[in-house]
Each structure stands twice: as structure tokens, then as C-alpha cells.
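Work the whole structure out from these sequences, hints included.
Chain residues, written in single-letter form:
There are 2 protein chains.
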Amino acid sequence: MFKMYGFWRSAAAFRVRCALNLKSLAYEEIMIDLDAGEQNAPAYQAINPSMSVPALFVDDGAPLTQSIAILEYLEERHPTPALLPEDPRERARVRAIALLFAADHHPLIVPRIRRYLTEKLGVDTERRTDWIVHWFREGLVQAEARLKDDPATGRFCHGDRPTIADLCLISQVMGAKGFQVKIEEWPTIDRIARAILELDAVASAVPLRQPGAPASH
Amino acid sequence: MFKMYGFWRSAAAFRVRCALNLKSLAYEEIMIDLDAGEQNAPAYQAINPSMSVPALFVDDGAPLTQSIAILEYLEERHPTPALLPEDPRERARVRAIALLFAADHHPLIVPRIRRYLTEKLGVDTERRTDWIVHWFREGLVQAEARLKDDPATGRFCHGDRPTIADLCLISQVMGAKGFQVKIEEWPTIDRIARAILELDAVASAVPLRQPGAPASH
Numbered sequence: 001m002f003k004m005y006g007f008w009r010s011a012a013a014f015r016v017r018c019a020l021n022l023k024s025l026a027y028e029e030i031m032i033d034l035d036a037g038e039q040n041a042p043a044y045q046a047i048n049p050s051m052s053v054p055a056l057f058v059d060d061g062a063p064l065t066q067s068i069a070i071l072e073y074l075e076e077r078h079p080t081p082a083l084l085p086e087d088p089r090e091r092a093r094v095r096a097i098a099l100l101f102a103a104d105h106h107p108l109i110v111p112r113i114r115r116y117l118t119e120k121l122g123v124d125t126e127r128r129t130d131w132i133v134h135w136f137r138e139g140l141v142q143a144e145a146r147l148k149d150d151p152a153t154g155r156f157c158h159g160d161r162p163t164i165a166d167l168c169l170i171s172q173v174m175g176a177k178g179f180q181v182k183i184e185e186w187p188t189i190d191r192i193a194r195a196i197l198e199l200d201a202v203a204s205a206v207p208l209r210q211p212g213a214p215a216s217h
Numbered sequence: 001m002f003k004m005y006g007f008w009r010s011a012a013a014f015r016v017r018c019a020l021n022l023k024s025l026a027y028e029e030i031m032i033d034l035d036a037g038e039q040n041a042p043a044y045q046a047i048n049p050s051m052s053v054p055a056l057f058v059d060d061g062a063p064l065t066q067s068i069a070i071l072e073y074l075e076e077r078h079p080t081p082a083l084l085p086e087d088p089r090e091r092a093r094v095r096a097i098a099l100l101f102a103a104d105h106h107p108l109i110v111p112r113i114r115r116y117l118t119e120k121l122g123v124d125t126e127r128r129t130d131w132i133v134h135w136f137r138e139g140l141v142q143a144e145a146r147l148k149d150d151p152a153t154g155r156f157c158h159g160d161r162p163t164i165a166d167l168c169l170i171s172q173v174m175g176a177k178g179f180q181v182k183i184e185e186w187p188t189i190d191r192i193a194r195a196i197l198e199l200d201a202v203a204s205a206v207p208l209r210q211p212g213a214p215a216s217h
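Heads up: the sequence lines are chains A and B, in that order. Everything in the first sequence is counted per this note's numbering, starting at 1 for the first residue and increasing by one. Everything in the second sequence is counted per this note's numbering, starting at 1 for the first residue and increasing by one.
Derived from the structure by calculation, the hints contain no laboratory data. Honestly, I wouldn't trust all of these hints.
Identical chains blur together in the list; that is why a pair holds if it fits in one copy or across any two.
[What the hints assert, rightly or not] With a cut-off of at most 27 Å between alpha-carbon atoms, the simulated BS3-like pairs for lysine-lysine come out as follows: (1) Lys182 - Lys120; (2) Lys120 - Lys23; (3) Lys148 - Lys182; (4) Lys3 - Lys120; (5) Lys148 - Lys3.
Treat the numbers as computed from the prediction; the structure is a model and nothing was measured.
Here it is as C-alpha cells:
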């Protein structure tokens with residue numbers, strides 16, 4: 001049984017929940033309320049100096065952090081079912097799509113950025129939402145351009161089996177939907193997102209199904 | 001001989017140059033002038049829809065993108081000398097440090113973000129510099145907290161041999177120095193950065209030694 005610090009809305013925690021579920025690894029998730037700033041409490045900082053989730057305990061040592069590093073660890077230690085292809089060239093393609101979402105775009109809209117926009121730059125709510133929507137859209141535009149005419153794209157981002165690229169795609173898609181972004185604008189992403197959500201392992205991991213999420217959806 | 005699209009100042013291209021040098025892999029780098037917006041030209045967009053560098057050609061197919069995906073590819077195809085430890089737990093630590101820089105902080109200060117701050121939010125030069133320096137400092141603060149008292153830290157971020165964590169650390173340190181951030185404030189990072197720069201493979205890859213860099217340094 002893994003123990004993990006997460007949060008219902010966190011895209012990074014969502015990716016890790018998906019991987020744990022896909023690999024049939026049991027876990028307990030302790031929610032750190034990012035809206036209430038619990039990640040900045042000294043007790044949590046001692047666990048993860050980056051003051052972010054997820055943090056996954058795998059032994060008696062310090063927890064693993066950074067969702068992509070955690071996904072790679074799970075893949076190495078629990079390789080079945082595989083979430084990366086075998087060929088290095090194909091693995092590079094999958095990782096590049098994953099990082100397009102997880103490195104290039106997701107970090108732009110996390111709580112600490114929103115706080116800086118409001119508190120240091122005096123950005124109002126409307127323009128802050130514009131910022132968030134802009135970067136969600138940019139990531140989706142770029143991913144659509146990569147995926148749409150590439151013969152390596154299949155039912156999922158890479159062929160017909162889910163990979164870490166799909167976990168990063170769906171986490172970003174769900175976040176964008178939370179800001180009323182219409183995913184239908186990008187037909188390849190929309191199609192892949194629907195395919196991923198058909199997997200029970202992913203459907204049960206979506207943010208709005210986690211403890212603490214708003215009940216209205 | 002690898003062919004790569006890069007830019008003298010790009011932290012991501014710098015990381016890849018370091019890895020190619022450390023692994024004694026010959027390459028030719030074609031500079032895409034990010035200041036002049038060459039990355040947004042249709043011809044380059046066709047090569048990399050993300051309109052960023054680096055892009056590394058490894059065969060007749062589309063180039064590899066995303067520096068972390070490229071580093072993982074080089075490690076898998078050219079494993080000697082290793083830039084990741086062997087143990088999955090240790091690999092996760094190295095990757096988490098690499099991503100702390102490459103995913104959590106570096107994407108916050110790249111040209112497209114600077115442009116948005118100026119053009120869409122009307123942020124003046126001084127406050128834009130404050131933004132850049134703030135996020136450089138945040139990354140260095142977090143990394144110092146992770147590294148300083150951890151027995152896994154050695155001459156480098158992980159033990160006494162360079163890893164991808166060090167390549168991400170030095171790329172962020174050199175970027176911060178370009179904004180007059182005093183690295184001495186974080187003694188562990190400062191010490192590791194000095195050790196990395198003693199490696200010829202890294203010293204020859206630093207931004208200011210590349211074609212197109214300002215000659216005044």
C-alpha cells in the first residue's frame with residue numbers, strides 16, 4: 001500500500017493516481033488543501049521542500065516528488081502493464097508529448113503562479129483567467145499539431161495502448177475543462193481524451209471524483 | 001554526427017549540449033534566434049510545433065524535442081558514461097531534481113512568457129525582471145533545501161558523478177547569473193555548480209561560449 005500526498009484538483013496527482021490504478025497498485029491519498037495553502041505549512045515543507053503535490057512514499061526514505069519522476073519510477077519497478085513503449089525512439093516521442101503538457105504548460109497555471117499574478121502584478125480575476133485559459137489552449141494547440149497527422153498516433157497518443165503521454169494529456173484536458181475550454185476544437189485530443197476516460201483506472205482517478213472536490217458536477 | 005536546432009542562450013539546448021559532450025557524441029548545432037522570433041516561422045513550426053529549442057535529429061524521422069526526453073533517449077541509446085544512477089529509487093531522486101529546474105521553474109521565464117507579460121499584461125521592464133529573478137530564486141531556494149543536508153548529495157547533486165540533475169542545475173544557475181542573481185546565497189548549489197563547470201564537456205557548452213552570444217563576457 002503506497003501512501004501519497006495529493007489534492008483532488010492537482011493535475012500532477014491525477015497522473016500518478018492513473019498510473020497506480022493502471023498498474024493495480026494500492027494506495028492511500030492524503031489530501032493537502034492547496035486552496036488553503038496547506039502545502040506551505042512547515043510540516044509539509046519538511047516533507048517536500050517544493051511545497052507541491054504529489055509526494056509518494058515508497059520506502060522509509062524521503063518521498064518521491066515530481067509526477068514525471070514518479071511515473072518513471074513506477075514504470076521501472078512495476079513494468080506491467082507498460083506505460084512506455086520499448087523502443088528508445090518511441091519512448092522519446094511519448095516523453096516529449098508528456099513533457100509538452102507537464103513541463104511546458106501545466107507549471108504556468110499552478111497556485112503559486114496565480115498568487116504572483118494577483119499579489120505582485122495586481123492582475124484582476126478576469127485577466128488572471130485569461131492567462132490560465134491562454135496557456136491551457138497553447139498546450140492543446142501544440143499537442144494537436146503534433147498528434148493529428150502523425151502515423152504513430154493511434155487510439156491513444158502513441159499507438160493503441162495508454163502511455164504516460166495520455167496521462168499528461170488527460171490531466172491537462174480536465175484542467176482546461178474546468179475553465180470552460182471547449183476541447184472539441186482539437187479533434188485528435190478530444191478523441192484521445194474520450195478513449196482514455198473509458199478506462200476505469202483513469203475514470204476513477206479524475207479530479208471531480210476525489211474527496212474534497214465540489215459535489216456539483 | 002547529430003544535427004540539432006538550438007540557441008546560444010537556451011537553457012534546454014545547453015543541457016543537451018552537455019550530455020552530448022559528456023557522452024562524446026559529435027553534433028552540429030544550428031542556431032534558431034529566439035530573440036528574433038525565428039522559432040515562430042512556419043518552416044520551424046513544421047519541424048517543431050512547440051516552437052522551441054532544442055530539436056535533435058537522430059534518424060530520418062521527426063526530430064526529438066523536449067530536453068528531458070532527449071536526455072533520456074541519449075541515456076538509453078548511449079549509456080556510457082551514465083547520467084542516471086542504476087537504482088530506480090536513486091533515479092527518481094535525480095529526475096526529481098532535474099524536473100524541479102526543468103519543469104517547475106525554467107518554463108516560467110522563457111520568451112513566450114516574457115512576451116505575454118509585456119504585451120498582454122502591460123508589465124514594464126523592471127517588473128518583468130522581478131518576475132524572472134523571483135522564479136530563478138524560487139527554484140534555487142527549493143533545490144538548496146533538497147540538496148543541502150541529504151546524504152545522497154555528493155560532489156554533484158547525486159553522489160560524485162554528474163547526472164542529468166547537474167545539467168539542469170547548471171543551466172538554471174547560468175540563466176540566473178545572467179540576471180545578476182548571486183549564487184553564493186545557496187552554498188550547496190554554488191559548490192555543485194563550480195564542480196560541474198570544471199568538466200570540459202560542460203564548460204565548452206555554456207551559453208556565453210556559443211556562436212551568437214554577446215562577446216563582452
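Item to check | Violated hints - listed by number, lowest first | outcome: Hints 2 and 4 not satisfied by this model.
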